[in-house]
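A.B. asks: Sequence:
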Amino acid sequence: MTGTTAGTRPDEARRHNRTALLRRLHVDGPCTRAALAGELGLNRSTIKALVDGLAASGIVQERVPMVRTGAGRPSLLVLPQPLAAVVLAVDIRVDRVSTALVGLGGQVLGRDGWNLRGRAGEPTEVVTRVVESTRVLTEELGSRVVSAGVSVPGVVRRLDGYVHEAPNLGWTDVPLGHRLTTALGAPARVGNDAELAALAEHLRGAARGARDAVYLSADIGVGGGVISGGSALRGTAGYVGELGHMVVNPAGAACYCGSRGCWETEVGEQALRRALDLPAHSPRGAVVAELRLPAAPARLAEFTGWLAAGLVTVVNVFAPELVVLGDLFTALPRSVVAEVAAAVAERSLVSRALGGTDLRVSTLGADAKLLGAAELAFEPVLDTV
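Following my numbering, the numbering of the sequence shown begins with 1193 at its first residue and continues without gaps.
Don't take each hint at face value.
Restraint ranges, calculated between C-beta atoms of paired labels, are given here [unchecked claim]:
1. Gly1250 x Ser1527: 49 to 59 Å
2. Val1480 x Glu1513: 23 to 33 Å
3. Ala1545 x Thr1224: 34 to 44 Å
4. Thr1224 x Gly1250: 14 to 24 Å
5. Val1480 x Gly1427: 43 to 53 Å
6. Pro1359 x Thr1428: 17 to 27 Å
7. Val1553 x Ala1226: 12 to 22 Å
8. Glu1324 x Val1300: 12 to 22 Å
9. Ala1545 x Glu1494: 38 to 48 Å
10. Asp1203 x Gly1250: 27 to 37 Å
11. Gly1305 x Pro1257: 30 to 40 Å
12. Ala1241 x Arg1476: 34 to 44 Å
13. Val1553 x Pro1367: 52 to 62 Å
Source of the hints: derived by calculation from the structure; they are not laboratory data.
These numbers were taken from a predicted model, which means no experiment stands behind them.
From the three backbone atoms N, C-alpha and C, an ideal C-beta is built for every residue, glycine too.
Work the whole structure out from these sequences, hints included.
C.D. replies: Next comes the structure, spelled out in structure tokens:
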């Protein structure tokens, strides 16, 4: 229920209800007033006052549905207006940066991206290029950004966007949130890439509607994000999701983190190259091409075993309804995914208690982290727009 509770001041109740209504429209799209009243637990007069106020401010619009059903006058749909609040989303990867302007309702309004080579991957150069990209995109759109969200493959302090370590980027102790906030003139929030991808999959992708889910990604490294009770699990200071550094093979290869046999060393991008007998520096496209060959499942037998071993532990610890595989894991042969799912169902005590754990491939693909960054930027905006 979203209605007023005892002891709540009327202005606080209105603000709370307004934010809840905007979040409903932002995440789930157009809806009638009647449906909003039912979903939010508010009476029709309250919904009318909220929608009328938002419409007068240009934040929402009401219009007749394009497809009509039944006889009589159709109910008007309430739609979020994308340009009412535009955020910047940034996805920083080891070899590439992607940026996008995203409007209220989740619509991507403009995109840019560039490869990182040499000095271009240094923090100062990345910040400079992000600012330049934003200026071009906002000039084309004719709108300014009210907030920014940034995805980084590293250990990030959520309070201020301080990047303690992003080893695959070669970054240590980078005050990225502060730098971007100053350079953009808009608040910039920074999060771990896998955590933000989990958020995006939960709100708009394969884990939509799930109360408990784990997102697992394989890029150069391996990361994870956890949705628990319908919210992102963030841990102390926001440090959570380093599932790739769970030790699965004590006799395995040394990892840059200081341990040996981390999951990342057994199922990361380099592990895939080894399994497929590819040179260490072969392009990612070559890895994907090899994964599409009929012989790939047989060549991935050991890799499949390590992936299943780690997932058994993940499921036993977090008890998710489902696990979403992202990035390079989306290219795995479907027979490999099915084999891993069967192993988890057989070997995980928690999975057996749950009656099985669904294993799905990301539906957002390469955009998961970018869209997660946008949602991170929108979190404070929906309270103030």
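A.B. asks: Decide, hint by hint, whether the structure agrees.
C.D. replies: Comparing the hints with the structure gives:
no.	hint	result
1	Gly1250 x Ser1527: 49 to 59 Å	holds (52 Å)
2	Val1480 x Glu1513: 23 to 33 Å	holds (29 Å)
3	Ala1545 x Thr1224: 34 to 44 Å	holds (40 Å)
4	Thr1224 x Gly1250: 14 to 24 Å	holds (20 Å)
5	Val1480 x Gly1427: 43 to 53 Å	violated (32 Å)
6	Pro1359 x Thr1428: 17 to 27 Å	holds (20 Å)
7	Val1553 x Ala1226: 12 to 22 Å	violated (36 Å)
8	Glu1324 x Val1300: 12 to 22 Å	holds (19 Å)
9	Ala1545 x Glu1494: 38 to 48 Å	violated (29 Å)
10	Asp1203 x Gly1250: 27 to 37 Å	violated (22 Å)
11	Gly1305 x Pro1257: 30 to 40 Å	holds (36 Å)
12	Ala1241 x Arg1476: 34 to 44 Å	violated (53 Å)
13	Val1553 x Pro1367: 52 to 62 Å	violated (36 Å)
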